Amino acid sequence: MDIRESTSVLGSSAVFKGEFAFEGDARIHGVVEGTISSKGEVRVDQGGHVKGNIHAAIISIDGKVEGDLTATDRLELLAGADVRGDLLTKSLVVVQGAAFVGHVSVGPDVNTNPKADRPSAHKSTNRSTRTKADADWLPEAVTAPLNNLSPITTPLTRMPDWAGQGAQVARPAWMTGGEPRQE
Amino acid sequence: MIPLTNQAPRFVTCYHCGEGIESTASARSTSCPHCHKRLVHDDMIIEVATMWSGPIETCGRVVIGPSARLSTRHVAASESVDVAGDLTARVTCRGLVCLGGNSIFKGDCTAASLEVERGAIIKGGFFQIGH
Numbered sequence: 001m002d003i004r005e006s007t008s009v010l011g012s013s014a015v016f017k018g019e020f021a022f023e024g025d026a027r028i029h030g031v032v033e034g035t036i037s038s039k040g041e042v043r044v045d046q047g048g049h050v051k052g053n054i055h056a057a058i059i060s061i062d063g064k065v066e067g068d069l070t071a072t073d074r075l076e077l078l079a080g081a082d083v084r085g086d087l088l089t090k091s092l093v094v095v096q097g098a099a100f101v102g103h104v105s106v107g108p109d110v111n112t113n114p115k116a117d118r119p120s121a122h123k124s125t126n127r128s129t130r131t132k133a134d135a136d137w138l139p140e141a142v143t144a145p146l147n148n149l150s151p152i153t154t155p156l157t158r159m160p161d162w163a164g165q166g167a168q169v170a171r172p173a174w175m176t177g178g179e180p181r182q183e
Numbered sequence: 001m002i003p004l005t006n007q008a009p010r011f012v013t014c015y016h017c018g019e020g021i022e023s024t025a026s027a028r029s030t031s032c033p034h035c036h037k038r039l040v041h042d043d044m045i046i047e048v049a050t051m052w053s054g055p056i057e058t059c060g061r062v063v064i065g066p067s068a069r070l071s072t073r074h075v076a077a078s079e080s081v082d083v084a085g086d087l088t089a090r091v092t093c094r095g096l097v098c099l100g101g102n103s104i105f106k107g108d109c110t111a112a113s114l115e116v117e118r119g120a121i122i123k124g125g126f127f128q129i130g131h
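If you read the protein sequences in the order shown, they are chains A and B. With the first letter of the first sequence counted as 1, position 144 gets the number 144 in the numbering used here; the numbers rise by one all the way through. With the first letter of the second sequence counted as 1, position 58 gets the number 58 in the numbering used here; the numbers rise by one all the way through.
Simulated from the structure, these hints should not be mistaken for lab results. This structure is a prediction, so every number in the text was calculated from the model and none was measured. Each hint should be verified, as a subset may be incorrect.
With a cut-off of at most 16 angstroms between alpha-carbon atoms, the simulated EDC-like pairs for lysine to aspartate or glutamate come out as follows [stated by the list, open to error]:
#1 64/A x 82/A
#2 123/B x 109/A
#3 51/A x 73/A
#4 39/A x 62/A
#5 51/A x 62/A
#6 106/B x 109/A
#7 90/A x 19/B
#8 90/A x 66/A
#9 64/A x 76/A
Just some of the chain B residues that point at chain A, by a computed CB distance under 7 angstroms [stated by the list, open to error]:
#10 40
#11 45
#12 48
#13 88
#14 92
#15 110
#16 116
#17 118
#18 124
#19 126
#20 127
#21 129
#22 130
From the three backbone atoms N, C-alpha and C, an ideal C-beta is built for every residue, glycine too.
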């Protein structure tokens, strides 16, 4: 495989820590601890070890990865691949001999946006932590009326219409500070 | 009639315990001498849309045809699982699981190796491949 001029190479004798963003392609031969993102192809070669998430157009793994992989175009797991993490891609190629453990979502409808929620298995089902994005799958016709609801401004002391105008609640005298209740 | 002694033995793997078993080529089922559970030797080929409540288990292959839609609890195969249609199940295979280009798979998968052709759709299951 020829290495183009725009390809960044992280050598095998080094350990990199941090967040890496590549404009072009990247080849990982060493150890990387952190997040990797690229607009091109990220390739983890044999001997390479990434501890972190990778987001790129094309991801090709022939080494070891401990993290989630999100490929907007294609994800390739070659024979030497050893991946522990979730896979999210539009197209997946797995070569015989590759090993991986994790949740997999593959298809043209898969949302590979890095800011998108992870696969449903990791999504919290706690109501208190749900956000509006959780309801994005609902059709607009359903969500629009809910979003247009006005807040409750009617004072709670007002009587309902069915009770008639000026209706008053008949309260016992002991509730209004009158004579004490005779037991 | 061909004597049974002339038939080449067939080596199969128990899909319950993983032990290898030697059996006759004509045998369609047997019991595992290690775990004593019943084993089916026949290949299973599904070509229709169906819902199957029980597990689909075989020492051979499971083939989901291109026009098939199978929804079941568990698919276990010792040799391979070839999916060309729709499959919703938990798959356990001691060999190769192949997802064809037009296949749609939903469920968990545990297999020795996985082959995914371009165009296959996987809907968010837990995969354990090669471990």
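Hint-by-hint comparison with the structure:
no. : hint          : result
1   : 64/A x 82/A   : holds, 5 angstroms
2   : 123/B x 109/A : holds, 10 angstroms
3   : 51/A x 73/A   : violated, 22 angstroms
4   : 39/A x 62/A   : violated, 19 angstroms
5   : 51/A x 62/A   : holds, 14 angstroms
6   : 106/B x 109/A : holds, 14 angstroms
7   : 90/A x 19/B   : violated, 37 angstroms
8   : 90/A x 66/A   : violated, 20 angstroms
9   : 64/A x 76/A   : holds, 13 angstroms
10  : 40            : violated, 26 angstroms
11  : 45            : violated, 23 angstroms
12  : 48            : violated, 24 angstroms
13  : 88            : violated, 15 angstroms
14  : 92            : violated, 15 angstroms
15  : 110           : violated, 10 angstroms
16  : 116           : holds, 5 angstroms
17  : 118           : holds, 6 angstroms
18  : 124           : holds, 5 angstroms
19  : 126           : holds, 5 angstroms
20  : 127           : holds, 5 angstroms
21  : 129           : holds, 5 angstroms
22  : 130           : holds, 3 angstroms
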